[in-house]
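Dock chain B against chain A, hints included.
Protein sequences appear in the order of chains A and B.
Residues in the first sequence are numbered consecutively from 3, following our numbering.
Residues in the second sequence are numbered consecutively from 536, following our numbering.
A couple of the hints might just be wrong.
Lysine to aspartate or glutamate pairs mimicking DMTMM-like chemistry, simulated, CA-CA at most 25 Å apart [claimed, not checked]:
(1) Lys667/B <-> Asp7/A
(2) Lys651/B <-> Glu310/A
(3) Lys605/B <-> Asp327/A
(4) Lys618/B <-> Asp7/A
(5) Lys403/A <-> Glu721/B
(6) Lys557/B <-> Glu594/B
(7) Lys86/A <-> Asp198/A
(8) Lys403/A <-> Glu609/B
(9) Lys403/A <-> Asp560/B
(10) Lys611/B <-> Asp219/A
(11) Lys611/B <-> Asp327/A
(12) Lys81/A <-> Asp219/A
(13) Lys326/A <-> Glu609/B
(14) Lys610/B <-> Glu119/A
(15) Lys94/A <-> Asp7/A
(16) Lys403/A <-> Asp652/B
It should be emphasised that the hints constitute simulated quantities derived from the structure, not laboratory data.
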Amino acid sequence: MFDIDRWREIFQSINKNRLRSVLSGFTVTFAILLFTLLFGIGKGLQNTFKEEFAGDATNSIYIWSNFTTIAYKGNQVGKRIQFKNDDFTFLKEKFSTEIQTISPRIQRGVEVVYKSEKGAYSLRGVYPEYQILESAEIIDGRFLNTKDIYEKSKVVAIGKLVEKDLFGQLSALGKQIKIGGIMYQVIGVFTDPGGDNDERFIYTPFTTMQRLYGNTDNLDEFGITYNPNLSIDAAIAFGVKMQRALKDKYNVSPEDQRAIGLNNYASGNREVTNMMVGLGILIFIIGFGTLIAGVVGISNIMVYVVNERTKELGIRKAVGATPKDIVAMILQEAVFITTISGYFGLLLGVGILKYAGPSLEKYFILNPSVSTPVVVGATITLIIAGIIAGYLPAKRAARIKPVIALSAD
Amino acid sequence: MIKIEKLHKSYPIGKESIHVLKGIDLHIKEGEFVSIMGSSGSGKSTLLNIVGLLDIHDEGNYYLNGELIKDMNEKKAAILRNKFLGFVFQSFNLISYKTALENVALPLYYKGVNRKDRLGIAMDYLEKVGLKEWANHLPNELSGGQKQRVAIARALVTKPKVVLADEPTGALDSTTTDSVMDLLKEINDEGMTVFVITHEEEVAAQTKRIVRLKDGIIVSDELTKNTKQASHV
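Extracted from the complex, chain A is given alone in its bound form (with noise of 0.2 Å):
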């Protein structure tokens, strides 16, 4: 029902007592305000958590070795383990359900020369499946592909950066390029979310750089990415399976930690997952927090204001006001100042985390934002408070006789 008249007492009064309204405004304002904020820097937080994965396949294993720190069945301290070709097949086959893909990994420090520019980059000899591992994105050309291994091809891919070192503004494209004094055809430029680091690898067939650096079947680590289907423990287990199984073969002693190395990535997304749920908890505790803080601001405010207002109610009773129209008009004003001012604080919060949001990033602040049910279910949440904390003490005055009101001084 719209009532011109109603909403003109209701203006008039906002207007004549404009230090009450902005006062219980305010109170509106500020709670929004912070909760906003608060939801805004949560979800930067959990952002930058997400950002900070998004490196790599989440679901990524490298796996490497190192000298023995432990004498085993024959074996002396300081003995250097080496991977070789054969460890692939043993492993693609002994893990078949668990690995997604898998791929050798050779690296080498190298020089690179194009006509006058050069650089020192690594040189990294993989299989094709290695681009999924990296989560690199090709952005000219194409990545490595199985014909080039067969073909032990001199084509590199080379990162973004590498391109932009040597090559500058020009495409690097099919172009020639001299690393450590043989000559490699640049067939492909990628990106990858990992940052300026790993945008300044060079990758080549694995067959092409075992040939060409020491023509051994030697490898240095292998990459995987385990079967997304596996759970996190059983991903965490497999990880562990597939050490000691290389551990065996090797005749490493179980307890040694340094001769086969592992990174699993399914720990830290563990803890990440956990460390997510926690901050989501924190954010939740502090916003309803934030917000029961504001429903209580506005209940107070609410008591002051219709106590301050006893006597002016009371007039308006001695004239005719129904106990109704006197419940109507407080409420119809506490919502409308609460709608107003719960939605000044959503714009004031949504336009600080957009104006200081850049900044922030060196804080893990990523990209903070809050999601509009969110804040709209929160605003709802103090309209629907507004209306119960100036429901009751308007039905308090509405119920006091006007005599009482009226000799209140």
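Using the frame of chain A, we list chain B on its own:
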């Protein structure tokens, strides 16, 4: 117009209760100009509040315009007040953030009169009390006498049957007291029943009937010479 039979009223104060009105019988006919006299604590304000439906009585009967006031709920009381009664208070009781005109128009708002009409009617009444030029001033820009005239205009605007005035001159000096009393007399001359509560003899002397109250009972009820003069005329 107002008929009261054996009216009792007590107020609880803590565990005790104070018996304020101890059986009042009073009959006020239409067009009368009555004053209730009494010192503070005599129960005169309580009587006015009951008559004005601002408070409820414990025992006895109260007829307003022939209607028995019983089991009043707030809504019914509000409607009856709006319809039959106009109030003038000692402390004026104007709404501070409303102009004189808006204050006068307020009862019409609760009566459901549309804005244009009620402002027009309110302006007529302000003119009647001589404050047309002050229509758009806030109460704190008016003198005490002016405020009380605004309050009287507000009491009259719904064309009530009875105007109830609680110490209408209590906060005024003698000059303004006279002007307010003249206004009330004028209203009474037009046929309105006026019911004044006061503790000032000079004020009571200007009415047509004085009812003296002491410790909750009526000690005297007599017509003044104003009435006799009026009846002689």
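A quick look at each hint next to the structure:
| no. | hint | verdict |
| --- | --- | --- |
| 1 | Lys667/B <-> Asp7/A | holds, 23 Å |
| 2 | Lys651/B <-> Glu310/A | violated, 30 Å |
| 3 | Lys605/B <-> Asp327/A | holds, 23 Å |
| 4 | Lys618/B <-> Asp7/A | holds, 20 Å |
| 5 | Lys403/A <-> Glu721/B | violated, 31 Å |
| 6 | Lys557/B <-> Glu594/B | holds, 10 Å |
| 7 | Lys86/A <-> Asp198/A | violated, 31 Å |
| 8 | Lys403/A <-> Glu609/B | holds, 9 Å |
| 9 | Lys403/A <-> Asp560/B | holds, 24 Å |
| 10 | Lys611/B <-> Asp219/A | violated, 102 Å |
| 11 | Lys611/B <-> Asp327/A | holds, 13 Å |
| 12 | Lys81/A <-> Asp219/A | holds, 18 Å |
| 13 | Lys326/A <-> Glu609/B | holds, 9 Å |
| 14 | Lys610/B <-> Glu119/A | violated, 93 Å |
| 15 | Lys94/A <-> Asp7/A | violated, 81 Å |
| 16 | Lys403/A <-> Asp652/B | violated, 30 Å |
Checked against the numbered hints given earlier, the structure breaks hints 2, 5, 7, 10, 14, 15 and 16 and satisfies all the rest.
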